[in-house]
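Q: So you can see what is in the structure, the chains are spelled out below.
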Amino acid sequence: MFLIHCPYCGEDREEEEFHAAGEAHIARPLDPDACSDEEWGNYLYFRRNPRGLHRELWVHVAGCGKYFNIARDTASYQIHGSYRIGERFTWSDAEDSAAP
Amino acid sequence: MSVFPKKRRFSGLGLVKQALKHQEGWQRMWRSPAPREHYDIIVVGAGGHGLATAHYLASVHSQAKVAVLEKGWLGGGNTGRNTTIVRSNYLWDEAARLYEHAMKLWEGLSQDLNYNVMFSQRGVMNLGHTLQDMRDIQRRVNANRLNGIDGEVLNARQCKQIVPIMDTSGRTRYPVLGASWQPRAGVARHDAVAWGYARAADARGVDIIQQCEVIDIVVENGCAVGVETRQHGRIRADRIGCVAAGNSGVLASMAGIELPIESHPLQAFVSEPIKPILDTVVMSNAVHGYMSQSDKGDLVIGAGIDSYVGYGQRGSYPVIEHTMQAILELFPCVSRVHMNRQWGGIVDTTPDACPIISKTPIENLFFNCGWGTGGFKATPGSGHVFADLLANGEPNELTAPFALDRFHSGALIDEHGAAGVAH
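Protein chains in written order, with our numbering: chain A, 8 to 107; chain B, 891 to 1313.
Just so you know, these hints were derived from the structure itself, not from any lab. These numbers come from a predicted model, not from an experiment. Do not rely on the hints blindly, as some may be mistaken.
A few chain A residues that face chain B, going by a derived Cβ cut-off under 10 Å, partial list only [stated by the list, open to error]:
no.	residue
1	8
2	16
3	47
4	58
5	84
When the alpha-carbon atoms are kept at most 25 Å apart in a straight line, the in silico SDA-like pairs for lysine to any residue are as follows [what the hints assert, rightly or not]:
no.	chain 1	residue 1	chain 2	residue 2
6	A	73	B	1050
7	B	1249	A	45
8	B	961	A	50
9	B	1249	A	50
10	B	1249	A	54
11	B	1249	A	85
12	B	1249	A	48
13	B	1249	A	43
14	B	1165	B	1197
15	B	961	A	60
16	A	73	A	85
17	B	1249	A	47
18	B	1249	A	52
19	B	1050	B	1028
20	B	961	A	52
21	A	73	B	1165
22	B	1249	A	58
23	B	961	A	58
We put the CB at the ideal spot given by N, CA and C, even for glycine.
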């Protein structure tokens, strides 16, 4: 069971209050009509799937209802931090080979 | 013609003979060979799909220099972690053809392998709880019948006749309105499938190398030429097929390619053994639970996937609670049954809930992955068509729709309705 810190509520709450919404920091192409099939397919379907450090979008469905980001290890399940939309997160240690 | 010499063939008479010899005359089912320096084809991953691939490479395509590399022990990943359900009632033509191809192989598999995989065609029931569920079920059953796949639409009363312990009173929060029913579907012994394929492939000269972890895929001039392993160093190969389920993305990144796959934990449970109460398989996509009873008497229960990416081979507690709620609402009589074990496997989900059986931008490197929550049912078919792809280097009519480029061309095969979560 994850204990997740919601950066908007400022509280540590149980995983059940939240829902994972996939990889974080995916920018919609500014001009979709100008995209090639490859670029558009990559935007729609291709997600990073690392065994290790990962930045994810979560939503506090049973709380404030806001989306925010979590930096988490997908193998050990350790949560390194949670931060608001628009903020950046850098890993404290130098193992960020997985960073986008 | 069996590949096994008479002395090694399993038979009823053999059982009697061994019993008289105090069971001391059994031979090892497969060798543990040291890897050669070079193979014609290397299959990465000795789960059901990988071993089936090796078996059909040897038996159908007469490929002898084949190795299967496994980082752990064979059949120890999702092959040993699923809920053993086999069915083929998929909506779209491409998927229906692929899964029905597997179903037909299942029907002769024990004879083909000379190994009892305990395939039991006890029927699978997919429940509908809303009017829209029932409309979808009718559409899917009609599509199945047009594709030559057996299927029936049942109402709640007919469901109750087949599964008397199910609550079809209509007083539950999600009432059972009916179901789709595939009589030829059923269950098989998952470990036996891996063991049977391993034994048959080994008898034809395939090297199964366990505890041999691939840590890199060697690519020279855009062409895969071998793998680097942790225990045995570099092993060269003309062609490499990756069949690594949840770890496919990790392998793909070694070769520098990307797959549209996310790996999620999926959980299952078994109860303590009880007297027979359920002689079929009941699944419900809407409430996320499915249940069958093994020959030993345990209730085998499957859950939904966790919503986050994870490689931990364990699931989260809220999913367990959610699944138990669904099972108890359907089967109130099991409320006092204890669960014996709980575990998780890592499933490789694709955006359209269909597998990727494909060439890659790297020449001589092939992937068979993305089976998501429902790969077990396809084991023989998956191995059969992937062996064809590895042997010929080009997709056949069954595999062509499942190429990797569909995520750029847009020709997706949306099986979320028939695949969903429940398998």
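Q: Work down the list of hints and note, for each, if the structure agrees.
A: Each hint, compared with the structure:
At about 5 Å, the closest approach between the beta carbon of residue 8 of chain A and any beta carbon in chain B falls short of 10 Å, and the interface hint on this residue holds. Checking residue 16 of chain A against chain B by beta carbon gives a least distance of about 19 Å; that is not within 10 Å, so the hint is violated. The closest approach between the C-beta of residue 47 of chain A and any C-beta of chain B is roughly 8 Å, which is under the 10 Å cut-off, so the hint is satisfied. Below 10 Å, beta-carbon pairs count as interface contacts, and residue 58 of chain A has one with chain B at about 5 Å; its hint therefore holds.
The interface hint given for residue 84 of chain A is met, as the beta carbon of that residue sits about 6 Å from the closest beta carbon of chain B, less than 10 Å. Of the pairs offered as hints, the one joining residue 73 of chain A and residue 1050 of chain B is violated, with about 44 Å between alpha carbons and a cut-off of 25 Å exceeded. Of the supplied pair hints, the one linking residue 1249 of chain B and residue 45 of chain A holds, its CA atoms being roughly 17 Å apart against a limit of 25 Å. For the proposed pair residue 961 of chain B and residue 50 of chain A, the alpha carbon gap of about 33 Å is over 25 Å, so the pair is violated.
Under the criterion of a C-alpha separation no larger than 25 Å, the hint pairing residue 1249 of chain B with residue 50 of chain A is consistent with the structure, at around 22 Å. Under the criterion of a C-alpha separation no larger than 25 Å, the hint pairing residue 1249 of chain B with residue 54 of chain A is consistent with the structure, at around 20 Å. With a C-alpha separation of about 35 Å, the suggested pair residue 1249 of chain B and residue 85 of chain A falls outside the 25 Å cut-off, and the hint is violated. Annotation: proposed proximity of residue 1249 of chain B to residue 48 of chain A holds, straight-line Cα distance about 18 Å (limit 25 Å).
A distance of roughly 22 Å separates the Cα atoms of residue 1249 of chain B and residue 43 of chain A; the hinted pair therefore holds under the 25 Å criterion. Distance hint between residue 1165 of chain B and residue 1197 of chain B is unfulfilled; the C-alpha atoms sit about 35 Å from each other, more than 25 Å. As the CA atoms of residue 961 of chain B and residue 60 of chain A are separated by approximately 22 Å, the hinted pair is consistent with the 25 Å bound. With a C-alpha separation of about 22 Å, the suggested pair residue 73 of chain A and residue 85 of chain A falls inside the 25 Å cut-off, and the hint holds.
Restraint check for residue 1249 of chain B and residue 47 of chain A: satisfied, since their Cα atoms lie roughly 21 Å apart, inside the 25 Å limit. Annotation: proposed proximity of residue 1249 of chain B to residue 52 of chain A holds, straight-line Cα distance about 18 Å (limit 25 Å). Of the pairs offered as hints, the one joining residue 1050 of chain B and residue 1028 of chain B holds, with about 19 Å between alpha carbons and a cut-off of 25 Å not exceeded. Of the supplied pair hints, the one linking residue 961 of chain B and residue 52 of chain A is violated, its CA atoms being roughly 29 Å apart against a limit of 25 Å.
Between residue 73 of chain A and residue 1165 of chain B the alpha-carbon distance is near 49 Å, which puts this suggested pair outside the 25 Å criterion. Our distance criterion of 25 Å between C-alpha atoms is met by residue 1249 of chain B and residue 58 of chain A, whose separation comes to about 23 Å. Distance restraint check for residue 961 of chain B and residue 58 of chain A: the Cα-Cα separation of roughly 16 Å lies within the 25 Å cut-off, and the hinted pair is therefore satisfied.
The structure is inconsistent with the numbered hints 2, 6, 8, 11, 14, 20 and 21, although it conforms to all the rest.
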